[in-house]
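Asks: Here's the letter readout for the chains.
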Amino acid sequence: MTRDHASPLGDDAIVQAALERTAAFAPLYERHAMAIYRYCFNQTWDVDVANDLTAQVFIRAIERLHQYRPLSGATFRSWLFAIARNIVVDEWRRYRPTRPVESVMSGLAADEPGPEEIAVHRTHMMTVHRAIDDLPERYRAIVHLRLAGLTAPEIASTLGITMPALKSAQTRAYRRLRLTLE
Amino acid sequence: MNRDNDRVHRPDEPKSSGTSSDANEEFANAIDRSLRASASRVPSASALDPNLWERILKGSRPPKRRKSRQAQPSSSTTATSETTGRGEVFPPPISHRRPPEPTSIPAAKWHRGLTAFLVVALTICVIVLLPERTHKPQYGAILNAPIIATPSPIDTENCSVEPLTTEEVYDIVIGRGRIERQDARTLFTTPPPVGDDFPHTHTWLPEANGTVRLVDRTVDVSQLLPTEFQNVEASLNRYLRCQEEGTNYQLWALESEVEVQRQILQLLVQDLQGNEEITETMIVDEIERLGPLPRQDGQYLGFTRLDELRLEANPSSKDAFIFRGKPNVTDSYAWIGSQLVNDETGEVVMHRGARVDEPMPVRKDGSAVPMVGVFILVQHEPSGEWLVEWFIPSV
Chain A
1 MTRDHASPLG DDAIVQAALE RTAAFAPLYE RHAMAIYRYC FNQTWDVDVA
51 NDLTAQVFIR AIERLHQYRP LSGATFRSWL FAIARNIVVD EWRRYRPTRP
101 VESVMSGLAA DEPGPEEIAV HRTHMMTVHR AIDDLPERYR AIVHLRLAGL
151 TAPEIASTLG ITMPALKSAQ TRAYRRLRLT LE
Chain B
183 MNRDNDRVHR PDEPKSSGTS SDANEEFANA IDRSLRASAS RVPSASALDP
233 NLWERILKGS RPPKRRKSRQ AQPSSSTTAT SETTGRGEVF PPPISHRRPP
283 EPTSIPAAKW HRGLTAFLVV ALTICVIVLL PERTHKPQYG AILNAPIIAT
333 PSPIDTENCS VEPLTTEEVY DIVIGRGRIE RQDARTLFTT PPPVGDDFPH
383 THTWLPEANG TVRLVDRTVD VSQLLPTEFQ NVEASLNRYL RCQEEGTNYQ
433 LWALESEVEV QRQILQLLVQ DLQGNEEITE TMIVDEIERL GPLPRQDGQY
483 LGFTRLDELR LEANPSSKDA FIFRGKPNVT DSYAWIGSQL VNDETGEVVM
533 HRGARVDEPM PVRKDGSAVP MVGVFILVQH EPSGEWLVEW FIPSV
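Which chain is which? The protein sequence lines are A and B, in order. Start counting the first sequence at 1; every next residue gets the next number (my numbering). Start counting the second sequence at 183; every next residue gets the next number (my numbering).
The hints are simulated quantities; they were obtained by calculation from the structure and are not laboratory data. Treat the hints with care, as some may be off.
[Said to hold, decoys possible] Simulated restraints, written as ranges between beta carbons of each label pair:
{"id": "1", "chain 1": "A", "residue 1": "Leu-179", "chain 2": "B", "residue 2": "Arg-545", "range": "51 to 57 Å"}
{"id": "2", "chain 1": "A", "residue 1": "Leu-9", "chain 2": "B", "residue 2": "Arg-545", "range": "49 to 55 Å"}
{"id": "3", "chain 1": "A", "residue 1": "Met-126", "chain 2": "B", "residue 2": "Leu-239", "range": "36 to 42 Å"}
Note that this is a predicted model, so its numbers are computed, not measured. We put the beta carbon where it would ideally sit given N, CA and C, even for glycine.
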């Protein structure tokens, strides 16, 4: 479980405090906000939307904190990502426009290797992101949660599936991705 | 999952000499690393609003207390909670509560207003329409009503079904359709099965003499007209496509009210303690928890994709059957088999029709595939749409 310098307490201890006082939730926000934002951004490619979704995730988390149970295999982070996934799927997919992946990719910092290498890298990344976009939803979810740094038990917990089911789905997801990219 | 493997494996590299599983894992790690690296080069990927925490604090209500603590009346209740002789605090009964308002950010205040209006209207309807209150959960009496929501196609890439909203699903779960129509037209009076054991349902398949033996009666079935079969086949195929790509909110739009109620209520019932009652808040929470998720592999009406094999409706109309109900008396039901088809070659790997006396479909190696089973669909009135109500696996 991730800990930052601001609070020596673990997530579950902070949850207990936050149940009494909303402001006590702040260390959990500090700890997980960027990961949640990136998770949202990776699927929306829109700074404003990703920020809005991140806000919704934490608002819902605060309001439902009483429902959080640190069960085996589940962590506060996996619970938070389960909320994030629900919100992204439920809210964002309804309004998803054509993703401006190209425009985002064209904003890659050009301060490293030569322009040719950057162009190659940019093309490669666009290809990968398009391939991920084309995956069925549950496969896409697994890839995004892996990208967010969740462990396998956390991903299984987030998606509400068993470890064998996750392993099998993950294998199929990356096999499909590989076939698309090869 | 080994995330610390430093070796970078590009997708265009030759496969390693290890197993395909290892190569797959290596490929997965390489993809993860390369995309994380790209994120670090995109400034907007780290553009978290520095004022977001303030927005969150302003936009959120304080968390509720946990159940084991001394409860305070929630802002989402219209009645106070009850304290039992044991000192435990139980939420008010279903008919006295309304669903919590969905959270929203300031930019969507209009949505909150609309939702609040709908919630109030819903609450009034519930109070007016629900029959006399009892202290037992109402789920037993509401399991037989047909679905009332009619899905309409939208432009999405794989599962082109408009998802139901939480409010629509909630209406289905409390059986509003049946309450409004004051009737029950189902053929199947037995409570739906829970778990993976469906022994009694095997008698629900058409027999060689053109009848189906139910728990309390026997009904005649016949073959479908071409247009009827076309509709049933298309409905089932759409449903099975959404099994792979869609969420529960979408699948519920294609399932009968009986099935939707079963999925949501069965878990709540299992969690009840003592005299606890199912509340509207519990139902709404469960709907919101399950709704955005994909259907879980291995659960009833959850189908695992077998690599390149897809499950689809058996296209042979002579192997499907229909019971034609009487308008406003009994619903119409259709029985249709299924088949596994190789995506790439189009080869039908195994199939079965709907009759009970068909041999169990098996793979070349002799293993059974229970999911190549029979689907029973019910025709929703008045839309005429066919909705999945039962699945009888081949076991």
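Asks: It remains to establish, for every hint, whether it holds in the given structure.
Replies: Do the hints match the structure? See the list:
Hint check: A/Leu-179 to B/Arg-545, Cβ distance near 23 Å, so the stated range 51 to 57 Å is violated. Distance hint for A/Leu-9 and B/Arg-545: a CB-CB separation of about 54 Å, consistent with the stated range 49 to 55 Å. Checking the proposed 36 to 42 Å range against A/Met-126 and B/Leu-239 shows it holds: the Cβ atoms sit about 38 Å from each other.
This entry does not satisfy hint 1, going by the numbered hints stated previously; all others are met.
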